[in-house]
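Protein chains in written order, with the working numbering: chain C, 12 to 516; chain B, 848 to 1192; chain S, 123 to 446.
Just so you know, these hints were derived from the structure itself, not from any lab.
Accuracy of the hints is not assured; some may be wrong.
Pairwise CB distance ranges (calculated) [claimed, not checked]: (1) S/255 / B/1008: 28 to 36 Å; (2) B/1006 / S/149: 33 to 41 Å; (3) B/877 / S/445: 17 to 25 Å; (4) C/29 / B/990: 53 to 61 Å; (5) C/47 / S/301: 18 to 26 Å; (6) S/423 / C/76: 29 to 37 Å; (7) S/319 / B/1008: 38 to 46 Å; (8) S/426 / B/1131: 48 to 56 Å.
Facing chain S, from chain B, some residues (calculated, C-beta under 8 Å) [unchecked claim]: (9) 937; (10) 939; (11) 960; (12) 972.
Every residue, glycine too, gets a C-beta built ideally from N, C-alpha and C.
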Amino acid sequence: MSNDIKAISMPKWGMEMSEGVVGDWHVNVGDNVSAGDDLVDIETSKIVNTVTASESGVLRLIIGKTGDTLDVGAILGVLADAQTSDAEIQAFANGLSKQGITEDVQESKAAAAEITSTEPVHQTAATSELKSTPAATSTDTSNSLSSLAAGDDDSQLHASPIARRLAKQYGVNLHNINGTGRYGRISKHDLETAVSNAGGSLIAQQAPRSQPQRIRDDSAVKATPVARRMAKDLGINLNDCRNSGNRGRVCKADVEALASLSNKQTAPEPTTVAAPVENPLTSQAMSGMRKTIAERLQSSKQTAPHFRVQIDANIDALLTVRKQINAANTQAKVSVNDFIVKACATALAQFPAVNVQFDGQTIKQFKHADISVAVAIDEGLITPIVKSSDTKGLIEISNEVRDLATRAKLGRLKPEEFQGGTFCVSNLGMFGIKQFDAIINPPQGAILAVGAGEQKAIVTNGSIVIATVLTLTLSSDHRIIDGATAAQFMSTLKGFIEQPATMLG
Amino acid sequence: MNTSAKPTGKTSIKTYREAINDALRQEMRRDPTVIIIGEEVSGGAGTQGQDDAYGGVFGVTKGLMPEFGRERVIDTPISESAIIGAASGAANNGLRPVAELMFMDFIGVCFDQIFNQAAKFHYMFGGKSKTPMVIRGTVGAGWRAGPQHSNMLHPVLTHMPGLKVVMPSNAYDAKGLMVQAIRDNDPVMFLEHKVMYDTTCEVPDELYTIPFGEASFVREGTDVTIVAISNMVPRAIAAADELAKSGISCDVIDPRTVSPLDDEAILESVAITGRLVIVDEAHERCSLAADISSIVAEKGFYSLKAPIRKVTAPHTPVPFAPGLEDAYIPSVDRIIEAVKDVLGA
Amino acid sequence: MPYQTEFLLRVYRTMKTIREFEERCIKEFENGNIPGFVHVSNGQEAVAVAACIELSDKDIIGSTHRGHGHSLAKGCDVGGMMKEIMGRATGVCKGKGGSMHIADMDKGMIGANAIVGGGPPLCNGAALASKTLGTKDIALSFSGDGSANQGTVLESLNFAVVLKLPHVFIFENNGYGEGTGVDYALGCKSLTERNAAFGMPSEHVNGNDFFAIYDACQRAIKHARDGKGPSAIEAETVRFDGHFVGDPQLYRGKDEIKLARKNRDCLKLFRERVTTEKWLTNDQLDAVDGEVMLLIEKSVQEALAAPHPDPATDLLADVYSSVY
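Extracted from the complex, chain C is given alone in its bound form (with noise of 0.2 Å):
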C-alpha cells in the first residue's frame, strides 16, 4: 500500500455507534484537502457530526455515497495526491472491503473460554471422593498401617487442628503423611488418603458415648406401648424413628428397623463419610404366613380368571340405623362392614351361584354363607369367617367379627375359624381408599372389595342432592360365575346396604 493513499472511513463516536448514515460532502472529488477540512457529515443514532481530515492530500474518490448506511470502520472516501493513477486508486479501495469494524471479539470469545480456578488444592478436597471402606479395624497389624505410626516428634509439622487430632487419635505419625490442604498443610483428606492407601480406614476408637443425639422429648409421640417399651430400654428416641403402624404410630418394626441401623458395628461414621446416597436395608426371611399368602393369592390370580363387578351405594340410610342401634344398645358397636358383612350374607342367600367353593374341577355350592372377614395384622391379612352368617342378626355378626379380629391379632384364631370361607368381604374404606379390587381367596368364587364412603353430589328426582356414597367391588371367578349374576348380586346388594330395613327378617 502506498503511504501516499489514504482511506476516509466512518468513525466511532462514542460506545454504542455501530454504523452510520452518510450525509453532505463538503468537498468534491479533485479538491485539495488540508488536515481539519470537514469533509462529509455522518448522522448516527443520536447525533450529527463531521468527519474532518487528519491528513493532507486530494480527494480522489468518494465510496460513501450521501444516503448510504455504512458500517463503523467502512471505507468512505479515498485521499492521495494528485499524481497518484486512477487504477491505484482503485486498487486501493478494492482491497480494503466494506466490511466494517475489526473490532476483537476474541476477547469476548475468550472470556467463554473454560475458567480454571488457581486457588490452593484444599479446594478439590471434596469429601464425595471418599467411599465407605467396609469395617477393617484398626487393630490390623499390617505392616503399612503399623508404619505409619513410626517418626519423631510431629508437633511441629504443618497440619489442620482436626487432622492433627485424628493423628493423634489413631496413632498415626505426621512425618508420614503428605500434606495437600492450605499452603501445603497436612489436611483431614490427607490423612484419610495415607491411611486407606495402607489398607486400613479411620473408625473411632473411643467408647460409644452416650450420644444425646435428640435431646428432643419423645412421650408425644405416637407409639405402640411395645415399641415405647423397646425404644427405652434401647436408648432410642421415638422422634427418630419412622412410624408405619396404625394411625401414624411408630411401631415395634420401626424402632427395630432403627436399632439395626445402629448396630453396624461402632462409631456414628463421621470419619467414614458415606456416599452421598444411603439407602438401609433390614433382609426378612418370609414368615409362614407370608409364605402361604404369597403362594395362594399368585395361584388365584394365575388360575382363576377374575373379573369386576362395579356398584356405588349410598349409605345415608345405612349411617341413620348405625347411628340408632349403636345409640339404643350399648354392647352394640356396628360398624358400617358389619352392615355390609349383614347385607352380603343375606344377597348371598338370594344367590347361591356366589355363595360357592371350587376346586378346579368341582363346583360346592353351599346352603349357608360362610363370610370371610379379612383382617390386617402384623404379619401381612387374616381372614377369619363368620360362619353361617346368613343365619345371625347385625348385632350378632358384629359381636364376632370383632371377637375374631381381635383373636386374629393375638394370633389365636383356630384353623377351622380362618381356613375355609364361602364369600370374603375386605375393607380398605378407613384407609381412604375409595375403590379398589381384590383377589379371590381360594377354594371361594368371590371376593367383595369395600371403599371408604365419602360425601358426593348425586342427582335423586332429577335434583342434586349430598349423601354419603361408597364403591363396592366384586371380583369373581369367571370360571365359575357369570357376569349376569355377579351383576344381579351387586344390585341386590346395593338395595339391602341403601334400604337396611330391607335385612330385617
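Following the hints, position chains B and S against chain C.
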C-alpha cells in the same frame, strides 16, 4: 508461609493493646522502612502541651514517637483520604506504612483509596506495583460509642479482592498477626475490636508471626462446630463451656483472618460434627456468617445433619442506649440456643 | 544558546511522539482496535514534557485518566503502552489496566488514575517515602482543572504543606472539566491564588509555551529537591479532542478547536520559536517528524499482532503479591 512453629521463648501477660504495641515497636526496630501515620498516633503536635499526648486514642501507639521520632511516627491533619492515599503511595515506593484510621468507620471518607486504589494496584498494573501497607482501626460495638463509631464492616472489606482482612480475638494472635501484616506485601486491613484492648493472655516477648488463612481451634469437640469472629470468640467459648456441662462438646473455630479464610478447617470440622453455628457481630445480610454458610452449604452439604444457624447482629445501626446495644450484640444465651437448635432440641 | 541542541531535539521528539501517539489512538479507536474508553491529550504535550523531561526514573509522577502524554514524557515505552491500550498481554500492565490505568513503576510512573483526584494523595505518599528514606527524589502530580475541586486534591495540598513533602502539583487547566467550563466550576477567580492560599509557592504559566512551563517546573522541582516542600503550577492549555474519544463536544464553541489547532498548537509554537531563534532548523525537526511517524506506525502494527491475555492463566493472576 508454612509455619505453625510456635515461639519458644519467654512470655509474659500482656493486654491486646500492649501486644500490638509490641509488634509495632519490635518491627520498627527491625525494619527502618516501617512508619506509623494517622491522627493522634502520637498526639500533641503543634500544641503547648505534652508530646505523645495520646499515643493513639486507644493508646496502642503510645511510646513509639519518643523512641522513633516524628519522622517515623507521623501525626496528620484530619484528612483520611490524604492519609490513606499517602500511605498507599509511600508503600508503592519503598516504605511499609502502618496507617491508622482512628475508627474503622471512617473508611467512608477514604474508601476509594482503599478499595479502588491500594487494593487494585498489584492487579491492574500487571504485577509490578506492590502495596505493603497495613491499615489498622478499631471496630465493633459494646463501648456505647453510638452508630457511627461501632460498625464491624469486615464483610465489605472481605468482598474486595486485593485486600487481606485480619481480626485477632486475643493478645497472642494480635501480636503475631500484626507482625505478619507488616511483613506481608499486600494491603492488610487490621481490625481491632475496641472492647478487647484490655483483655490479657500470655504473649511471647520475642517477635513471631502467625500465617494468614489459618484458623485456631479454641475448643475441641465432636457435636457441633461453632465459628466465631473477633469479639464473638470469647462469647462462643463461654457458650461451649456451658454446653459442656450438658455433655455437648463443640469445636470452636476462630478463623483469625477472614480474608483469606481457612474454609478447609471449617469444612473438616463440619464433616465430623455435621452441625454448624456461626457467630458474627456483623448485620446478618452479607455477613461473614452468610458467606461461611454458603461455603459450607456448597462444599459440605452432605455432611450437614441440620440447617446451619447464624447468630448475628440485627439489620439495624448500633444503638446508643446501653440496654439496646447489649441486645444488639449476639449474646452467649443466643449462641447456646442456636447450638441446641441444630442439635434438634 | 540557552538550551542545548540535544535537549531541544529531545523535547521536540517527545512532544511529537505524544502528538502522533494520541492522534493515532483516535484513529485506532475509531477503527475498533481499542476497547473501552480512551482520553487523549493532544494539545497538552508541552506541559507533560516540560514537567517530566528532567526527572529521573526514581522521581515519581502520578497522572489522571488523560495519562498517555505524561507516561510518554516520563519515558514509558511507546510499544508497551500501545499494547496496553489495546489490551494485550504484553502491554505495560499485561492488559489488566488499559488506557486509564497505564503505569510503569520501573519508570517512576505510578499510574494513570481513573478516579478524579486519585493521583495527588498517592504522590504525597511517594514524596513521603523519599523524604523518610532520605533520597533526593521528588513526586510530581498532574491534575486537571476539574479535579482541582475534588476533596482528595484539596486535602493533599494541605497535607503536603503540613508534612513539607517534596511534591510538585501541576494543574493542567484546559478550560474544561469534562463538559463543564472552568469558569463555572471554579468558584474563585484564580486557581493559582487558591493553591497559594494553602501555603505553598504557586505560579501561573501559558501551557502552550514549552519554555515558560519548563522554567516554572525547574523552579518547583528544585524547591522540592532542596527540601523546601511542595509548590503548585497552573498551566493554561488546550485539548484538541473531546473529554473522551468519540465525544461529540457539543459544549465547545464554534470553530474553537479549529482555531486552537491553528493558534495554540504547542508544537507549532515550539517550531516557530526554535527556528526563529535559530536553535534548530526545519530540516532537523522534519527528520524527527519522520522518525516519530515510523515509531508510532511500528508500535501500532506490533500491538495489533500482540497476543491477548489468556483467561485461564491471567484472569486470576496478580491479585495478591504475597501468598493469599
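Okay, the hints, checked on the actual structure:
Range check, residue 255 of chain S to residue 1008 of chain B: about 30 Å between beta-carbon atoms, so the 28 to 36 Å window is met. The given range of 33 to 41 Å is respected by residue 1006 of chain B and residue 149 of chain S, whose C-beta atoms sit roughly 40 Å from each other. Look at residue 877 of chain B against residue 445 of chain S: about 21 Å separates their beta carbons, and that is inside 17 to 25 Å. Checked against the given bound of 53 to 61 Å, the beta carbons of residue 29 of chain C and residue 990 of chain B, roughly 58 Å apart, stay inside it.
Under the hint 18 to 26 Å, the C-beta atoms of residue 47 of chain C and residue 301 of chain S, about 22 Å apart, fit the expected range. Our hint of 29 to 37 Å for residue 423 of chain S and residue 76 of chain C holds, since their Cβ atoms are close to 32 Å apart. The given range of 38 to 46 Å is respected by residue 319 of chain S and residue 1008 of chain B, whose C-beta atoms sit roughly 40 Å from each other. Distance hint check: the CB atoms of residue 426 of chain S and residue 1131 of chain B are about 51 Å apart, consistent with the given range 48 to 56 Å.
A hinted interface residue such as residue 937 of chain B counts as satisfied when its beta carbon comes closer than 8 Å to some beta carbon of chain S; here the least separation is about 4 Å, so the hint holds. Interface hint at residue 939 of chain B: satisfied, since its Cβ lies 6 Å from the closest Cβ of chain S, which is below the 8 Å cut-off. With a cut of 8 Å, the hint placing residue 960 of chain B at the interface with chain S holds, because the nearest CB-to-CB distance is about 6 Å. Given the 8 Å rule on beta carbons, the hint for residue 972 of chain B holds: about 4 Å separates it from the nearest Cβ of chain S.
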